[in-house]
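There are 2 protein chains.
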Amino acid sequence: MSHFDLCCFACGATHASDMYTLACERCGGPLDVRYAAETTGASGGEPPMPYHDRAAAVTLGEGGTPCVELRAVAGMLGIRRVYGKAEYQNPTGSFKDRGTAAMMSVAAELGVTAVVEDSSGNAGASVAAYAARAGIEAHVFAPADAPAAKLSQIRVFGAHTHLIEGPRQAAEEAAVAYCEARGMVYASHNLSAYFLEGTKTFAYEAARQLADDSPQHLVTPVGNGSLATGPWKGYVELADAGLIKYRPRVHAVQARAVMPVAAAYEGSAWSSADARRTIAGGISVATPPRKAQVLDVLRQSGGEALAVDDGDIARWQRLLAKEEGIYAEPTSAAAFAGLQELVARGVVGAGDCVLVAITGSGLKDTPPA
Amino acid sequence: MSHFDLCCFACGATHASDMYTLACERCGGPLDVRYAAETTGASGGEPPMPYHDRAAAVTLGEGGTPCVELRAVAGMLGIRRVYGKAEYQNPTGSFKDRGTAAMMSVAAELGVTAVVEDSSGNAGASVAAYAARAGIEAHVFAPADAPAAKLSQIRVFGAHTHLIEGPRQAAEEAAVAYCEARGMVYASHNLSAYFLEGTKTFAYEAARQLADDSPQHLVTPVGNGSLATGPWKGYVELADAGLIKYRPRVHAVQARAVMPVAAAYEGSAWSSADARRTIAGGISVATPPRKAQVLDVLRQSGGEALAVDDGDIARWQRLLAKEEGIYAEPTSAAAFAGLQELVARGVVGAGDCVLVAITGSGLKDTPPA
Chain W
241 MSHFDLCCFA
251 CGATHASDMY
261 TLACERCGGP
271 LDVRYAAETT
281 GASGGEPPMP
291 YHDRAAAVTL
301 GEGGTPCVEL
311 RAVAGMLGIR
321 RVYGKAEYQN
331 PTGSFKDRGT
341 AAMMSVAAEL
351 GVTAVVEDSS
361 GNAGASVAAY
371 AARAGIEAHV
381 FAPADAPAAK
391 LSQIRVFGAH
401 THLIEGPRQA
411 AEEAAVAYCE
421 ARGMVYASHN
431 LSAYFLEGTK
441 TFAYEAARQL
451 ADDSPQHLVT
461 PVGNGSLATG
471 PWKGYVELAD
481 AGLIKYRPRV
491 HAVQARAVMP
501 VAAAYEGSAW
511 SSADARRTIA
521 GGISVATPPR
531 KAQVLDVLRQ
541 SGGEALAVDD
551 GDIARWQRLL
561 AKEEGIYAEP
571 TSAAAFAGLQ
581 ELVARGVVGA
591 GDCVLVAITG
601 SGLKDTPPA
Chain G
241 MSHFDLCCFA
251 CGATHASDMY
261 TLACERCGGP
271 LDVRYAAETT
281 GASGGEPPMP
291 YHDRAAAVTL
301 GEGGTPCVEL
311 RAVAGMLGIR
321 RVYGKAEYQN
331 PTGSFKDRGT
341 AAMMSVAAEL
351 GVTAVVEDSS
361 GNAGASVAAY
371 AARAGIEAHV
381 FAPADAPAAK
391 LSQIRVFGAH
401 THLIEGPRQA
411 AEEAAVAYCE
421 ARGMVYASHN
431 LSAYFLEGTK
441 TFAYEAARQL
451 ADDSPQHLVT
461 PVGNGSLATG
471 PWKGYVELAD
481 AGLIKYRPRV
491 HAVQARAVMP
501 VAAAYEGSAW
511 SSADARRTIA
521 GGISVATPPR
531 KAQVLDVLRQ
541 SGGEALAVDD
551 GDIARWQRLL
561 AKEEGIYAEP
571 TSAAAFAGLQ
581 ELVARGVVGA
591 GDCVLVAITG
601 SGLKDTPPA
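Listed in order, the protein sequences are those of chains W and G. Read in this note's numbering, the first sequence has 320 at position 80, and its numbers run on one by one without any break. Read in this note's numbering, the second sequence has 414 at position 174, and its numbers run on one by one without any break.
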């Protein structure tokens, strides 16, 4: 018997844990890992995880990223303290490795031999790397016009890349069809409850690293929202275990070109037909399956959602490099453009401490010249 | 008064510590940091460093890289255990950040406002990033035909790039001339005693991480050799402080196309006129200023030097990606080709534990298609 089941965020229906159930069989809602009462609580400071044998976990040494104090940014914004959690220092250069490590550890434990994923970016490279590490065959579906550098990173790990003509959505549909025809596991970073569970470690680490000056705010770029929902779950576990005094307000930043969460938060009209191109490719997700869950995190934590312009994203990417020596992907820079707006709105105060998730490396997503 | 001076490796002459003295004024030999008796000894497990105020150190969160167990590699080579220290997880994607952090911390403490460096690769990007972080102006001299991706990483941090026609050596000469004409600091990763000092942390971390199974061998790619000499200094400090029982044998791996250290070790004839192109750009150093010092580390530690072919380097780069999920630069892959040869020679035995330095990320140095 397992120490957890999969619980629907929307209707609460429970499902036995496997690698095939990616949405609630009753209502279609997203699933979360829910631990049995005796495993709940992070009392030892170690996050509970949805696999049994930690020694056999699939790992490339993900996590353990530093919280770098950003004095120049704090000075420019007129706030007391800003930390950036350097997620670009993960093995494949993005925070996705946290989620992938947990998801592939479950896959390896269950004896899965092949997985399918759709992504043209960080998640595709991450799944390809961890699958190689676990000796699991990987099929990555990507839009035919995905950047060559990203496709090359996926291929170098030996993953089978399937290039699909048409919009991003077409790659997802092709991946799902491929899985269903072959009875394969769809290792979707958007849907997998295990992936989400892996991103919790962000909160556990940050709570330990910043124990002397716990941030009042976590600002994160949001596409699928796994760096809002995952760390929040971690902070809730830590608070429930009495290991932290308060939880940060979680703020979700989107590109104005693709802003389903920000629009829903503001109550303004927006549909995927309104989506345009953005330089922040990592958060260009028009129909995030966990949108309601992200909004729930904002509500519970007292955070806000907001949208920022590509011009401000590019400006912050340059600023981070020139003033702090950090070469972040545009998606990460969006969080800083959002932080500036939160300061302007008075949501973040002059005396506050802020933690920003710097999600990925600029090396994989070079800024426009 | 400072807690250290700069001591010539060749003749032992001592020099007061500053940022301008890069070679022995008596004999031209390379300089090392030598601590006063009362600061020597790493008894607390923390490396002594050549600056005073640790809280003011220039840092981007370098170091703390994981030692990843490489079971597939160990299996292929028929040895008990292989660990790779994932230096590509440093802030700018290579081990250079350890050295740069120490060197720029000294520069900041001494009030330096501008530095000059010559590099077309990892060191240039690293110096550019840490200079940006410290608010120090950086001038990076690089060959005019350096890869565009590497130059772009240097420029993104706001460093002034000076492109110099001709061979690699021409960029170095131009940098030196530029410094001398302006009285600027030459922050040379090849020569700086502070840079070398920063790379010691590799050994301190590895000793802690692998305390239960200390490696008998450290295998590292060698160009200038800072990952042989720096970590060795750390191991010596740790052994002197009684914190480790034995020091690893340090083995230096070079590309056959540029093999001054391996040739000197073997006693075979080789001059910089023999240098050819290699895919391992990070170790393409025909006249390393610390060559005698690297050879001394091999002698003291009982290690060997050897040269490997580009074909084997490329093969190991692919193997690491496909079998272990690690996308390393060709320079790092050279170390594994060298390890294979050390096993074939019987230098590394079936029961041994080996630590390999995986120096940099493949994202910055994509393999030939």
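Watch out, some of these pointers could steer you wrong.
Given that identical chains are not distinguished, each listed pair holds provided it fits within a single copy or across any two copies.
[What the hints assert, rightly or not] Simulated pairs of lysine to aspartate or glutamate, DMTMM-like, Cα-Cα distance not exceeding 25 Å:
(1) K473 <-> E278
(2) K531 <-> E309
(3) K562 <-> E349
(4) K485 <-> D452
(5) K485 <-> D549
(6) K531 <-> E563
(7) K531 <-> E377
(8) K562 <-> E506
(9) K562 <-> E377
Simulated from the structure, these hints should not be mistaken for lab results.
Checked hints:
For the identical chains of this complex, K473 and E278 are intra-copy neighbours only, at 17 Å inside a copy versus 49 Å across copies, given an alpha-carbon limit of 25 Å. Proximity of K531 to E309 under the C-alpha cut-off of 25 Å is found in neither arrangement, the shortest distances being 31 Å within a copy and 38 Å between copies. For the identical chains of this complex, K562 and E349 are inter-copy neighbours only, at 20 Å across copies versus 44 Å inside a copy, given an alpha-carbon limit of 25 Å. Taking the closest pair of Cα atoms, K485 and D452 come within 25 Å of each other only inside a single copy of the chain (11 Å); across copies the shortest separation is 36 Å, beyond that limit.
Taking identical chains as interchangeable, the C-alpha atoms of K485 and D549 are never at most 25 Å apart, the minima being 35 Å within one chain and 57 Å between chains. Taking identical chains as interchangeable, the C-alpha atoms of K531 and E563 are never at most 25 Å apart, the minima being 34 Å within one chain and 36 Å between chains. Taking the shortest Cα distances, K531 and E377 never come within 25 Å of each other, neither inside one copy (30 Å) nor across copies (44 Å). When the C-alpha separation of K562 and E506 is checked against a cutoff of 25 Å, the pair qualifies neither within a copy, at 33 Å, nor between copies, at 46 Å.
Taking identical chains as interchangeable, the C-alpha atoms of K562 and E377 lie at most 25 Å apart only when they sit on different chains, with a minimum of 10 Å there against 41 Å within one chain.
Of the hints listed earlier, those the structure fails to meet are numbers 2, 5, 6, 7 and 8, in rising order.
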